[in-house]
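Peer 1: Here the protein sequences come in this chain order: A and B. If you use the numbering used here, the first sequence closes out at 282, no skipped numbers anywhere. If you use the numbering used here, the second sequence closes out at 255, no skipped numbers anywhere.
These aren't lab readings, by the way, just hints derived from the structure by calculation. Please note that the accuracy of each hint is not assured.
If you only want the chain A side, here are some residues facing chain B, beta carbon under 7 Å, derived [said to hold, decoys possible]: (1) Ser168; (2) Gln170; (3) Ala184; (4) Leu187; (5) Thr188; (6) Pro193; (7) His194; (8) Gln198.
Straight-line Cα separation of at most 25 Å, BS3-like style, residue types lysine-lysine; simulated pairs [to be verified]: (9) B/Lys16 with A/Lys169; (10) B/Lys66 with B/Lys76; (11) A/Lys169 with B/Lys19; (12) A/Lys209 with A/Lys15; (13) B/Lys66 with A/Lys169.
Source: prediction; values computed, not measured. Virtual Cβ for every residue (Gly too), placed ideally from N, Cα, C.
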Amino acid sequence: MLRLLKETQTSLARKLQLGAAVIFAALLLLVYLYTAFVLRHDPTLTDLGIRLQGPSLNHPLGTDHLGRDVLTRLMLGGQQTIGYSLLALAAALLIGTAAGMVAGYRGGWLDRVFMRIADGFLAFPDMIVVIVLSGLLGPGLHSMIIAIVMVKWVSYARVVRTTVITESKQDYMLAARTNGLSPARMLTRHLLPHIAGQVLVLASLDLGKVILLISSLSYIGLGVQPPTPEWGAMLNDSRPYFQLAPELMLFPGLAIVLVVLCFTVLGDAIRDLYDVKKEVRG
Amino acid sequence: MNTSLLSVEQLTKEYKNGKHAIRGVSFSLEQGECLGLVGESGCGKSTLARCLLRLEPVTGGTITFKGKPIQQLNEKQLNPYRRDMQIVFQNPAAALNPRLRIRDSLLDPYNQYGRHMQHNYFSCSSRSAFVDELLEAVELPSSLAGRYPHELSGGQKQRVTIARAISIEPAMIVLDEPTASLDVLSQGAILTLLEQLQRQLNLAYLFISHDLAAVSRMSSRLLVMREGQFVDEFARQEMFAEDRHEYTKELISIY
Chain A
1 MLRLLKETQT
11 SLARKLQLGA
21 AVIFAALLLL
31 VYLYTAFVLR
41 HDPTLTDLGI
51 RLQGPSLNHP
61 LGTDHLGRDV
71 LTRLMLGGQQ
81 TIGYSLLALA
91 AALLIGTAAG
101 MVAGYRGGWL
111 DRVFMRIADG
121 FLAFPDMIVV
131 IVLSGLLGPG
141 LHSMIIAIVM
151 VKWVSYARVV
161 RTTVITESKQ
171 DYMLAARTNG
181 LSPARMLTRH
191 LLPHIAGQVL
201 VLASLDLGKV
211 ILLISSLSYI
221 GLGVQPPTPE
231 WGAMLNDSRP
241 YFQLAPELML
251 FPGLAIVLVV
261 LCFTVLGDAI
271 RDLYDVKKEV
281 RG
Chain B
1 MNTSLLSVEQ
11 LTKEYKNGKH
21 AIRGVSFSLE
31 QGECLGLVGE
41 SGCGKSTLAR
51 CLLRLEPVTG
61 GTITFKGKPI
71 QQLNEKQLNP
81 YRRDMQIVFQ
91 NPAAALNPRL
101 RIRDSLLDPY
111 NQYGRHMQHN
121 YFSCSSRSAF
131 VDELLEAVEL
141 PSSLAGRYPH
151 ELSGGQKQRV
161 TIARAISIEP
171 AMIVLDEPTA
181 SLDVLSQGAI
191 LTLLEQLQRQ
201 LNLAYLFISH
211 DLAAVSRMSS
221 RLLVMREGQF
231 VDEFARQEMF
241 AEDRHEYTKE
251 LISIY
């Protein structure tokens, strides 16, 4: 009975977490749409006469050191941070999945070459490689996205490759061969469903990390360049004024934490969704 | 001219490490016949099955199917022959994709070969009707079509793999220890089902097992395999003859 209660409680707690994450994600979407169509203030227009003001009706989160509206920059910054994270992740996911599937299924020299490249990338921490690549390619948005894709595709490719190699040896794949399915059809019909769940879970958990990566790069000046608003860049801009107006760092910091948390919870939910063994018999 | 459905001459399978899994075996299989292949675990039975279906490359000998040597054909050239050669594996849980519903697993061969089918046995008026027909043929309720493999028992899963194998009305099915992972009651039911289907569809079976009782029940002829080669071949009624090979006598004494 206690066990059942505990399980129910766990389930209820998870449902509450998921509900909160979904509501937050919906709120983010609304903010995104609002930011796309309605902006009360110019996010880049400086007005030194109203710099470092506290919250007011006109500026609900106050103004920054150049007199720009913090709320507007925060909303637009979210658009940039999440948007570019999704773009980088989608590109890494597509490249990694394709490379992993081909390497795992074909095997031989192609697989060996792939593994050596993957080992090369995995020998260093993500952050170091991204900083080096961004530095080599030059600061800026495109360089940052290319650097993130170059670092992130490897982990997807490795997961996909391992799954493909393991599943290819299963009897159902041999049965698929006797049923005349082409390699492309076997990959898409039989292996992709195995891969999709794992990759989506990995991607949803990675989204938080990529957001942190983009924010970090912008924080150290290698990512989005001023005056474009971005959460990491906003943190960096506000650093000298931390003692005078700590909320300037608090708002973008809090936004990063909440968004990363939200996507992590959603990632867990997606993992559960793809675990068919958890499905209740209909 | 050789008129057998399947004719194998001096088939050899050698691995890269020099180990011989199959050492020059020869046999033939006629349309509608059930040929039994017995031997202990690791003697090369399953490797032979996979070589026959070209799921593993062979290193020597010839495999003639419907009058055509197929041992050198590539996957594309092999495709028309695959329709007539199906397999039922030992472990039904591994033979069904856990991510696909039963309906989708059953439709896999049909999606590939449905256009070329003769429709001698299954009417195939629609896909859902076809799935129902297949499930009915293996005595399963149509309500299972929407389930995932893990929601079925071992016997039900094996029936599904049999349904998948017969779905495109093949000429030959390799039964690779189809009852080995089932309980005694399910074993009997599956053997009865296989006998019925063989009569109805005029199927040729290569029945592989280490269970001499099951093989002798199903097969008119038996081959005994040991360390990659045949040591004995006989008709079912000659199983207890005095001149049987010592290894065959040993197998008989165990059962």
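Peer 1: Compare the structure with each hint and give your call.
Peer 2: Here is how each hint holds up against the structure:
1. Ser168: Given a least distance of 12 Å, the restraint on A/Ser168 is violated.
2. Gln170: For A/Gln170, the interface hint holds, since the closest Cβ of chain B sits about 5 Å away, which is under 7 Å.
3. Ala184: violated (12 Å)
4. Leu187: violated (13 Å)
5. Thr188: violated (12 Å)
6. Pro193: Nearest chain B Cβ about 4 Å off; hint holds.
7. His194: With Cβ-Cβ at 6 Å, under 7 Å, it holds.
8. Gln198: Not OK, violated: A/Gln198 not within 7 Å of chain B, min 11 Å.
9. B/Lys16 with A/Lys169: The hint holds at about 18 Å.
10. B/Lys66 with B/Lys76: Judged against 25 Å, a Cα distance of about 17 Å means the pair holds.
11. A/Lys169 with B/Lys19: holds (21 Å)
12. A/Lys209 with A/Lys15: At roughly 24 Å apart (the allowed maximum being 25 Å), A/Lys15 and A/Lys209 satisfy the hint.
13. B/Lys66 with A/Lys169: violated (29 Å)
Violated hints, in rising order: 1, 3, 4, 5, 8, 13; the structure is consistent with all others.
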